[in-house]
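**Q** Read off the chains here:
Number of protein chains: 2
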Amino acid sequence: MVTDDFLQKIAELQKRLDGQLKNYPFPQQPEYLYDPLRYVLAGNAKRLRPVLLTLTGQAFGVDEDDLRHAALAVELLHNFTLVHDDIMDDDLLRHGQPTVQNKWDNATAILAGDGLFIEAHRAISRVRNNTQRVGAVFNDGALAVCVGQAYDKEYEENQTITLNDYLHMTEKKTGAMLSLCVEIPALLANQDEGVCSQLRKFGYDIGKGFQIQDDILEIFSDADEMGKSLGSDVIAQKQTALTLMARKMAQEQWSEFCQRSEGQPIDEKLTGMRTFFKDSGVYAETTAMAEEYFNNAVSDLVVIPDPGREELVAFTNFIKNRNY
Amino acid sequence: MVTDDFLQKIAELQKRLDGQLKNYPFPQQPEYLYDPLRYVLAGNAKRLRPVLLTLTGQAFGVDEDDLRHAALAVELLHNFTLVHDDIMDDDLLRHGQPTVQNKWDNATAILAGDGLFIEAHRAISRVRNNTQRVGAVFNDGALAVCVGQAYDKEYEENQTITLNDYLHMTEKKTGAMLSLCVEIPALLANQDEGVCSQLRKFGYDIGKGFQIQDDILEIFSDADEMGKSLGSDVIAQKQTALTLMARKMAQEQWSEFCQRSEGQPIDEKLTGMRTFFKDSGVYAETTAMAEEYFNNAVSDLVVIPDPGREELVAFTNFIKNRNY
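Residue numbers (my numbering), protein chains in the order written: chain A, 3 to 326; chain B, 3 to 326.
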């Protein structure tokens, strides 16, 4: 159940974190480095990762200062990966505004990403409890995201990858960052490896649920709410949970569809794809798969003490129920 | 004095470090991430930074394992900055081989740089003494390098910058990394802030000497030995120690020379520039400035105990005497 009280708590947390990020105390100079950092953090983002980290930390009774530093660190880290991924993927919009390399250029965006990553390290190094272990887990999480991005790039040109390959890639690219959001507060609360490993699994599960759902929303939701151009996966001929499920469930018909729709205008192709996914059962099966990962994520939360656990269950449902 | 014994010691150190870097235990997969990392470290590099770090650590009697981790970390960090700078500056060659974005593409090179930076953090986190402080100084050094790179990019389009601006930029872009190479071993040997700050100054001084000399060699040395295309600063119309000194010492004549040589073939322009710098006294004055920074660097070494100090003096002279 996602109660109104909980939604209000989330909204307040988002607002507070957003304010801290929008007023992050970067130096004024050099503007070449810091203007893009300010620009990136001024974007209209949902701050889901630091919210998750904060809720988990509160459940474990973590010191407030440590929690604030860690929350800012994961959002900076997340933004580092977005800025560099947007260059790598030639994306022009992010959160409804031009990406850094679109507004400035590649060089500026490369350095902005580097700067965000370094600032993320500075923020995480400010936590006082278990500092060394937290720093190591943080850096390893960053590596996992890069490994995931590498697989994603490898798969772009490989038409033989399977749904399992995709899920492995997603565990790294999306799951590892969400794992950080629950493992780091656990480490700040001196939890043992058993708890940490269960929470890492939570991150992988909610990450996979989230990404599969993202692929679905990319095709089926309203463009305005996504804050980016809908159908960009289609334009880029990206392999998503839906296309890989289609290849798995209905290889022949999917292959026929792809041949038939090649060269069609993007709107027409998108409409055809929607119909294909619905009629073939691909949409239903993919949605069920996302749901299963979200359910697993809820089960993983058993290691979190009440009453905080209830809030994290509500957070998981909040993510699951999003429609953009 | 740079004795043959010392040169042999340096050569052995370079060889050992080079071997460790060329056999760095990266995973095989994903190749998209790790192939470029192996490629970068297989390059024909001089390993000056880890050599400096190792000599300093030996002077302070630092634990060998700690020293090895730190030496590898600074070389990984240095290579991270090279890979990203080469994209930002559109450089095609590095150490005589194609740069990563030239051999692969921008996306691959961005991720390779990120991977090197993360691996650098992993390496530095393996030191056992003073781990937290060492990690913080390491990350702050990385930030200084990015700040320096940002100023460098800002200055590209600013024809009013002075020699002082250039020296400030160089202190960050080149000096900060060399400061790390002496401050980190000092921290590993539990030296106090007085020693550390003096050693940071050493890094800035040798860094400025090194960069000014680099600008001179770019115009006056043999192309083959530089391992990159000579005159690339001229082609890019880069502001260097020489051009800024020319503007300072002989503004009018320099401005005339620039107008006169505009549009000339690059060989002709380079020859003309050499003559101009020699005849106007710019070459002599710039060389004297580099020499002064190297002399200051030698003076800074007073905080290092003998007999190690003598080796670091020899190292400084070894850098100063390089001709490529």
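Think of the hints as simulated: they come from the structure by calculation, not from any bench. Watch out, some of these pointers could steer you wrong.
Identical copies look the same in the list; a pair holds intra-copy or inter-copy alike.
As the list claims (entries may be wrong) - For lysine-lysine, the following DSSO-like pairs were computed, each having C-alpha atoms within a straight-line distance of at most 27 Å:
{"no.": "1", "residue 1": "Lys155", "residue 2": "Lys24"}
{"no.": "2", "residue 1": "Lys271", "residue 2": "Lys48"}
{"no.": "3", "residue 1": "Lys240", "residue 2": "Lys48"}
{"no.": "4", "residue 1": "Lys250", "residue 2": "Lys105"}
{"no.": "5", "residue 1": "Lys11", "residue 2": "Lys240"}
{"no.": "6", "residue 1": "Lys24", "residue 2": "Lys250"}
**Q** Would you mind marking each hint as holding or not holding in the structure?
**A** Hint check results:
1. Lys155 to Lys24: between (31 Å within a copy, 25 Å between copies)
2. Lys271 to Lys48: Answer is neither; intra-copy 30 Å and inter-copy 55 Å both fail.
3. Lys240 to Lys48: within (25 Å within a copy, 42 Å between copies)
4. Lys250 to Lys105: neither (40 Å within a copy, 35 Å between copies)
5. Lys11 to Lys240: So Lys11 and Lys240 fail the 27 Å test inside a copy (36 Å) and across (54 Å) alike.
6. Lys24 to Lys250: neither (44 Å within a copy, 42 Å between copies)
Checked against the numbered hints above, the structure violates hints 2, 4, 5 and 6; every other hint is satisfied.
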